Amino acid sequence: MTTQHVLSLLVENKPGILTRVAALFARRGYNIESLAVGTTEIDGVSRITVVVSLDGLPLEQVTKQLNKLINVLKIVELEEETSVARDHMLVKVRTDSSTRSQVLEAVTLFRARVIDVVSDAVVIEVTGDTAKCQAFLKVLEPFGIKELVQSGAIAISRGSKSMSEKVLR
Amino acid sequence: MATETLTGAQALIRSLELLGVDTVFGLPGGAILPTYDPLMDSKKLRHILVRHEQGAGHAAEGYAAASGRVGVCIATSGPGATNLVTAIADAHMDSVPMLAITGQVNSFAIGTDAFQEADIVGITMPITKHSFLVTRAEDIPGVVAAAYEIATTGRPGPVLIDFAKDAQNGKFEFSWPPKIDLPGFKPITDPHGKQVQAAAELILKSHKPILYVGGGVIRAEASNELLALAELLHAPVTTTLMARGAFPDSHPQHLGMPGMHGTVPAVTALQKSDLLITLGARFDDRVTGDIKSFAKGAKVIHVDVDPAEIGKIRHADVPIVGDAKVVILMLIAELKAQMKSAKPDYEDWWVFLNGLKERYPLGYSETDDGKLSPQYVIQRIGELSGPEAIFAAGVGQHQMWSAQFIKYERPNSWLNSGGLGTMGYAVPAAMGAKVAQPDRLVWAIDGDGCFQMTNQELATCTINNIPIKVAIINNSSLGMVRQWQTLFYNSRYSNTDLNTGTDTIMVPDFVKLGEAYGCLAIRVEKIEDVDAAIKLAMETNDRPVVIDFIVGRDAMVWPMVPSGISNDAVQYARDAAPIWDGDE
Chain R
1 MTTQHVLSLL VENKPGILTR VAALFARRGY NIESLAVGTT EIDGVSRITV
51 VVSLDGLPLE QVTKQLNKLI NVLKIVELEE ETSVARDHML VKVRTDSSTR
101 SQVLEAVTLF RARVIDVVSD AVVIEVTGDT AKCQAFLKVL EPFGIKELVQ
151 SGAIAISRGS KSMSEKVLR
Chain X
1 MATETLTGAQ ALIRSLELLG VDTVFGLPGG AILPTYDPLM DSKKLRHILV
51 RHEQGAGHAA EGYAAASGRV GVCIATSGPG ATNLVTAIAD AHMDSVPMLA
101 ITGQVNSFAI GTDAFQEADI VGITMPITKH SFLVTRAEDI PGVVAAAYEI
151 ATTGRPGPVL IDFAKDAQNG KFEFSWPPKI DLPGFKPITD PHGKQVQAAA
201 ELILKSHKPI LYVGGGVIRA EASNELLALA ELLHAPVTTT LMARGAFPDS
251 HPQHLGMPGM HGTVPAVTAL QKSDLLITLG ARFDDRVTGD IKSFAKGAKV
301 IHVDVDPAEI GKIRHADVPI VGDAKVVILM LIAELKAQMK SAKPDYEDWW
351 VFLNGLKERY PLGYSETDDG KLSPQYVIQR IGELSGPEAI FAAGVGQHQM
401 WSAQFIKYER PNSWLNSGGL GTMGYAVPAA MGAKVAQPDR LVWAIDGDGC
451 FQMTNQELAT CTINNIPIKV AIINNSSLGM VRQWQTLFYN SRYSNTDLNT
501 GTDTIMVPDF VKLGEAYGCL AIRVEKIEDV DAAIKLAMET NDRPVVIDFI
551 VGRDAMVWPM VPSGISNDAV QYARDAAPIW DGDE
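In the order they appear, the protein sequences are chains R and X. Residue numbering for the first sequence follows our numbering, beginning at 1 and increasing consecutively. Residue numbering for the second sequence follows our numbering, beginning at 1 and increasing consecutively.
One or more of the hints may lead you astray.
[What the hints assert, rightly or not] Below, a list of computed lysine-lysine pairs in the DSS-like style, where the Cα atoms sit at most 30 Å apart: (1) X:K186 with R:K74; (2) X:K179 with R:K166; (3) R:K64 with X:K336; (4) R:K68 with X:K292; (5) X:K312 with X:K299; (6) X:K208 with X:K43; (7) R:K132 with X:K205; (8) R:K64 with X:K186; (9) X:K292 with X:K205; (10) X:K208 with X:K292; (11) X:K299 with X:K336; (12) R:K166 with X:K299.
[To be verified] Derived coverage of chain X by chain R (criterion: at least 3 residues anywhere in the stretch with Cβ under 8 Å from a Cβ of chain R; other residues may be distant): (13) 111–125; (14) 176–188; (15) 304–315.
[To be verified] Residues of chain X clear of chain R, computed beta-carbon distances all greater than 10 Å: (16) A89; (17) S131; (18) L133; (19) F294; (20) R359.
Everything labelled a hint here was simulated from the structure, so no lab data went into it. Source: prediction; values computed, not measured. Cβ coordinates follow ideal geometry from the N, Cα and C atoms, glycine included.
Using the sequences and the hints, build the whole thing.
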C-alpha cells in the first residue's frame, strides 16, 4: 500500500515547465493524484504542489529527476506533521424546498459556504484537508451532486521559514 | 558595453563563433533560411552540408565524442527537425554534449499547423537535457550561451534551440557576453570530503575490489587519474562499452569489457567481487543482466556527476556525487594518507583473476562456410591502424566484435551508440570525428544493415574532402537479430536476410554504391587479401574508402549472457559455460 506524498516545487515560470514536470511522472507510469500551480511571492517564480502515491525508490527517483529539470529551483516534500495542506472545492448540489434546510445544515457543520442559490440547486464552496472534503461530499451525495470541481491540494510548511529562502542565490 | 545592431540570425552565428564553435553540420530549409545567409559569410564557422539531418546529428555526436567539444547540428523546422530526433535521443542516452539548432515557423504562426511546422521542443522534451523556443531576436545571445553552458556542464547532453523565423529576422543591439540566467542549474562537481574518506576506508577493507568504469570517465577526461588510481591500488579494471579506451587494454590490470558480451574474467570478477568501485557508470541492464543476482556479495561505491544515477538501479553503500576527475584525485590523496597504516592486499584475488584470464581469453572459431571470419577482419583493422586511430561502429554484432577485438589505448578512440543502440550511427559519426580530428585515421566499422541506413553521407564525405574509411562487415543479414533467432527462436530467420552477400542477388552492390559516391570501393572475400585492403584504405586519403568484407553469417558474438539472465550463467561459447573450481 503506497501512501500519498505532497511535493512542493518552486519553478521558473517558463513555458513548458508544467509539461516537463507532468511528463516525468507520465513516462514512468506514475499517476498524479492532484496538481496545483500558481504564482508566488517572487516575481517569475511559480509553485507547483503535486500529490503522488509513490513510496521509497520511485519517489526518490522522481524527485531526483525533477531536480534535474533546468527550470526547477527547489523541491521539498511536505510532511503531514510539519505542514498544512488544503483542498478547495466547488460543489453544485440538487436541492428543493424539502431538502434545502438539510443541505444548509451540512454546510454549517462543515464550515462551508453557499455562494449561489437557485430554486433547484445550490453551489457550495468548501475548503479543508482532503479527508474533510471527502467527508463533506459523502454527506451531500444523497441529495444529488450535479457538478464537482476541485483545486487539488496546496500545501505550506508550518513556522516562519519560507521555501523560497536561499533559492535565488 | 559596446553594442552592434544585428539580426537574430547574425546574432546566432556570432554567438556560436564567440563560444568557440568551429564546425556545424546541417541542411537548410525555409524556416532556417535567415540563419543560413550570415552563415555563408562566417570565416570562423565551417558548415558541412549533409544529405539527411540524421547524418548531421550523428556527425555532431562523432565530432563531440572524438574531441570532447560540443557538436553542433542545424536543421529547418518540421521534417528537418524531426529527422534530428534519433540523433538527439542517442546523444541523450550517451551523454554527448550537443547543440541542436532548428528553425521554426514565424512566432505568430506557431500552433496553426503552418507549413513545415512541428512542435520540436515538445517532441524532444524527454530526450534533451533542456530545450528552448526563441521568439524574440534579443533573447538569442543569452539563450545560445545558456544552452552551451547546459550542454557542457555537469553530465553533458544535448540541448535543442528552436528559433522562430521572425526571431531570426528581428533586429536588436547585440552585446557579448550576455547574462546567463539559469538559477535552477547547479551541477555538483565537487564531492563531499567525508564520502571520499568513507570510500577509501571501504576500499582498503575490501579483499576483492574491482574498478567498474563507465563512459563518465571519458566525458570527465579522467583517464590519467583513473590509471593512477588503479596502479596505486593494483586493483582490476573493467571498462564498459561506453568506456572502452578509458583505461589501456594493454594494461595487465584490465580485465576487458563487462556485460552481455563481456569477457569471462570481467563478468566473473564483477559477480565475485566484494566491492564495486563504480566510476561514471550506470548499472545498465546490458552490464548487470538480471539485477537481483548481479554482484550479490559486493558493496558499492558509486561516483557520478548526476545524482539521479546514484541508487537508480543498485543501492550505493557510499554514494559520491561529483565530477569523476575531481573525485578520483581526491580519492587518490585520501588513499595515500590512509595507506600509511593499512596496505591493500589483493593477492588472492589476483590469483583467481589471473586464472580466469589464462583460461578464458577472448577468442573465436573460424567460420565453416569459407567466408571471412568477421572477428579476424576487425582485429586486423585494429592492429594495422593502431591506437591513435578512431573507430566508430554501428550497432549489432560488428559493434560488439569491434569493442572486443580492437585494442583501445586512449579515450575518445572508440565511438559508438551504446545506450540507444542506433543503427546507422557509424558513417556520419566517423565523418564528424574526422572533421574534429583531421590528422587521425578514422574508421567506420559498419554492418550491411546499418550501412544502408545512413550511407548517403558518403556524398558529404567525398564532396567535403573527409576521407573516412568504411569497413562493411557484410554478413548479408541483420546479424545480431539473426544470432538471437538462432539461439532463442529455433533458427527461424524471420526478416533478417538482407541479400547483400556474394551468393545472393546483392542488392545493393556496396562496391558499385561506394563508387557512385566517389569513394574507392573494393570487395574482399579471401583472408590473404584482408591486410592489403586495409593498408590500401589507410594509404588512400584523396577520397573516402569503402571495403565490402564478405563474412560468414553464422559467426556469433561470444561470450554471451542471454538477456535477463544472471551473469553467473555467462557462456564462453555456445553451450559452453566456464568451469568453476569447487569452492568458487
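Hint by hint, here is what the structure shows:
1. Pair hint K186 of chain X plus K74 of chain R holds up; C-alpha atoms about 11 Å apart against a cutoff of 30 Å.
2. Restraint check for K179 of chain X and K166 of chain R: the C-alpha separation of about 20 Å stays at or below 30 Å, so the hint holds.
3. Restraint check for K64 of chain R and K336 of chain X: not satisfied, since their Cα atoms lie roughly 33 Å apart, outside the 30 Å limit.
4. Between the alpha carbons of K68 of chain R and K292 of chain X the distance comes to roughly 27 Å, so the proposed pair stays at or under 30 Å and holds.
5. Straight-line distance between C-alpha atoms of K312 of chain X and K299 of chain X comes to about 15 Å, which keeps the hinted pair within the 30 Å bound.
6. A C-alpha spacing of about 56 Å is found between K208 of chain X and K43 of chain X, which places the hinted pair above 30 Å, so the restraint is violated.
7. Restraint check: the Cα-Cα separation between K132 of chain R and K205 of chain X comes to about 55 Å, which exceeds 30 Å; the hinted pair is violated.
8. Under the criterion of a C-alpha separation no larger than 30 Å, the hint pairing K64 of chain R with K186 of chain X is consistent with the structure, at around 13 Å.
9. The hinted pair formed by K292 of chain X and K205 of chain X meets the criterion: a straight-line CA distance of about 24 Å does not exceed 30 Å.
10. Restraint check for K208 of chain X and K292 of chain X: the C-alpha separation of about 20 Å stays at or below 30 Å, so the hint holds.
11. Simply put, K299 of chain X and K336 of chain X have alpha-carbon atoms about 21 Å apart, close enough for the 30 Å limit, and the pair holds.
12. At roughly 36 Å between alpha-carbon atoms, K166 of chain R and K299 of chain X are farther apart than 30 Å, so this suggested pair is violated.
13. With 3 residues carrying a beta carbon less than 8 Å from a beta carbon of chain R, the segment 111–125 of chain X meets the three-residue requirement, and the given coverage holds.
14. Here the segment 176–188 of chain X counts 4 residues with a CB under 8 Å from a CB of chain R, which clears the bar of 3, and the coverage holds.
15. For the segment 304–315 of chain X, the stated coverage by chain R is satisfied: 5 residues place a CB nearer than 8 Å to a CB of that chain, which reaches the threshold of 3.
16. Every Cβ of chain R is farther than 10 Å from the Cβ of A89 of chain X; the closest lies at roughly 13 Å, confirming the non-interface assignment.
17. S131 of chain X, annotated as away from the interface, has a beta carbon of chain R within 10 Å; the closest lies near 8 Å.
18. Against the 10 Å criterion, L133 of chain X falls within the reach of chain R, whose nearest CB is about 7 Å from its own CB.
19. Every CB of chain R is more than 10 Å from the CB of F294 of chain X (nearest about 16 Å), matching its label as outside the interface.
20. Every CB of chain R is more than 10 Å from the CB of R359 of chain X (nearest about 39 Å), matching its label as outside the interface.
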